[in-house]
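Letter by letter, the chains look like this.
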Amino acid sequence: MRRPSDHRDGEPAERVSSHLVERCKDGDERAWAELVEATHRDVYTLCLRILGDPHDAAEATQDAYLKAWRGLRGFRGDAMFETWLYRVASNSALSKHRGRRRRQSHEAGVQDEILTDMPASGSVEATAGARIEVQALEAALARLPEQHRTAVVLRDVYGMNIEEIATQLGISETAAKVRVHRARKKLKEMVFEGGSDEV
Amino acid sequence: MRCEEVRETLPAYSRDGDVGLQVRRHLSRCDDCNTELVRYQTLFGSLAELRDHSVQPPPELVHQLSAIPYRRQSVDELRGHVVRNRNRYAAGLAVAAIGAGAAVWKTRRTRSVTA
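These protein sequence lines are chains A and Y, in that order.
Just so we're aligned, residue 14 is where the first sequence starts under my numbering, counting upward by one.
Just so we're aligned, residue 1235 is where the second sequence starts under my numbering, counting upward by one.
Source of the hints: derived by calculation from the structure; they are not laboratory data.
Just so it is clear, the structure is predicted and the values come from calculations on it, not from any experiment.
Each hint should be verified, as a subset may be incorrect.
Computed Cβ-Cβ distance ranges for the label pairs, DEER-style [to be verified]:
id : chain 1 : residue 1 : chain 2 : residue 2 : range
1  : Y       : G1254     : A       : T96       : 25 to 33 Å
2  : Y       : Y1304     : A       : T96       : 55 to 63 Å
3  : Y       : A1336     : A       : T180      : 54 to 62 Å
4  : A       : D41       : Y       : C1237     : 55 to 63 Å
5  : Y       : G1335     : A       : E50       : 50 to 58 Å
6  : Y       : Y1323     : A       : N174      : 45 to 53 Å
7  : A       : N104      : Y       : D1265     : 25 to 33 Å
8  : Y       : I1332     : A       : E35       : 52 to 60 Å
9  : Y       : E1242     : A       : G40       : 48 to 56 Å
10 : Y       : Y1323     : A       : G40       : 23 to 31 Å
11 : A       : R43       : Y       : I1332     : 24 to 32 Å
12 : A       : K38       : Y       : E1239     : 37 to 45 Å
A virtual CB, placed ideally from N, CA and C, is assigned to each residue, including glycine.
If we strip away everything but chain A, and leave its shape as in the complex, we get (with noise of 0.2 Å):
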């Protein structure tokens, strides 16, 4: 039999020293820049992952680094600063999710780009220590349904717990739980079994 993989919830790689984040406090727009630099790529990264649409990913990661320099001050240094960046971040991209009137037709486009990536269905063999390809995992993940792609990009890309998933999507753990769930075995049919992405 065998044993399930070691991981657990990791934080992300720390690029953002806490010095760093005491000269953007202090009100010092050079450290802010450097700042910037180091994170933007992954904040934006993120957006894109849950909106799924690159336009509104830059304007979720301008709205997400104006609410993270409003709110530097509020920053403890309990969780690394980067933890708290992509909270923040999620929190913008699902906001602008709620508000927005989908436009269907430009995020089917993107999608099409994206898929022409995919590999064939059922084409990735699971062997002890295998990975799947990044496109092919992109590719999957953006014809899930959204509110399960959201579900899954938080818990299982960015290991955020099942409870702060629940308050940044407004629902009950439960249907957190649920989400996730259904989440994870449509995604694993689509990699593994060349699923639908009928749910």
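Dock chain Y against chain A, hints included.
Quick look at chain Y alone, frame taken from chain A:
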């Protein structure tokens, strides 16, 4: 336990190791369920690695984000200027309102005299 029941527990098991003894027993003798377990393990390992793969944002984004303190500063400066000079702005608005009222009154009076 039946395979269907065991498979419902596999996502949580492979992610968090959260499973009962019966499931472990079943897995110790069921190759099909073990294959499923490996699939979930592969999936979770790959999902966790996605965090290290970032997408290149639009080039102008980094400049816009870096400029946030300056934007904030200009808004604060404007707000401070308005607050400091609120009496002058209020007086200016009052004069403008009186002037506009007078102009309207004069126009109406001229029209009524002509009629």
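Against the structure, the hints come out as follows:
1. The supplied range of 25 to 33 Å is met by G1254 of chain Y and T96 of chain A, whose beta-carbon atoms lie about 32 Å from each other.
2. Taken as a hint, the range 55 to 63 Å is violated for the pair Y1304 of chain Y and T96 of chain A, whose Cβ atoms sit roughly 27 Å apart.
3. The given range of 54 to 62 Å is respected by A1336 of chain Y and T180 of chain A, whose C-beta atoms sit roughly 59 Å from each other.
4. Against the hinted window of 55 to 63 Å, the Cβ-Cβ separation of D41 of chain A and C1237 of chain Y comes to about 59 Å, which satisfies the hint.
5. For G1335 of chain Y and E50 of chain A, the hinted distance range of 50 to 58 Å is satisfied, since their beta carbons lie about 56 Å from each other.
6. Range check, Y1323 of chain Y to N174 of chain A: about 51 Å between beta-carbon atoms, so the 45 to 53 Å window is met.
7. Hint check: N104 of chain A to D1265 of chain Y, Cβ distance near 44 Å, so the stated range 25 to 33 Å is violated.
8. Evaluation of the 52 to 60 Å hint for I1332 of chain Y and E35 of chain A yields a pass: the beta carbon distance comes to about 53 Å.
9. In this structure, E1242 of chain Y and G40 of chain A meet the distance hint of 48 to 56 Å, their C-beta atoms being roughly 53 Å apart.
10. Checked against the hint of 23 to 31 Å, the C-beta distance between Y1323 of chain Y and G40 of chain A comes to roughly 28 Å, which is consistent with it.
11. Checked against the hint of 24 to 32 Å, the pair R43 of chain A and I1332 of chain Y fails, with Cβ atoms roughly 50 Å apart.
12. Hint check: K38 of chain A to E1239 of chain Y, Cβ distance near 53 Å, so the stated range 37 to 45 Å is violated.
The structure shown violates the earlier hints numbered 2, 7, 11 and 12.
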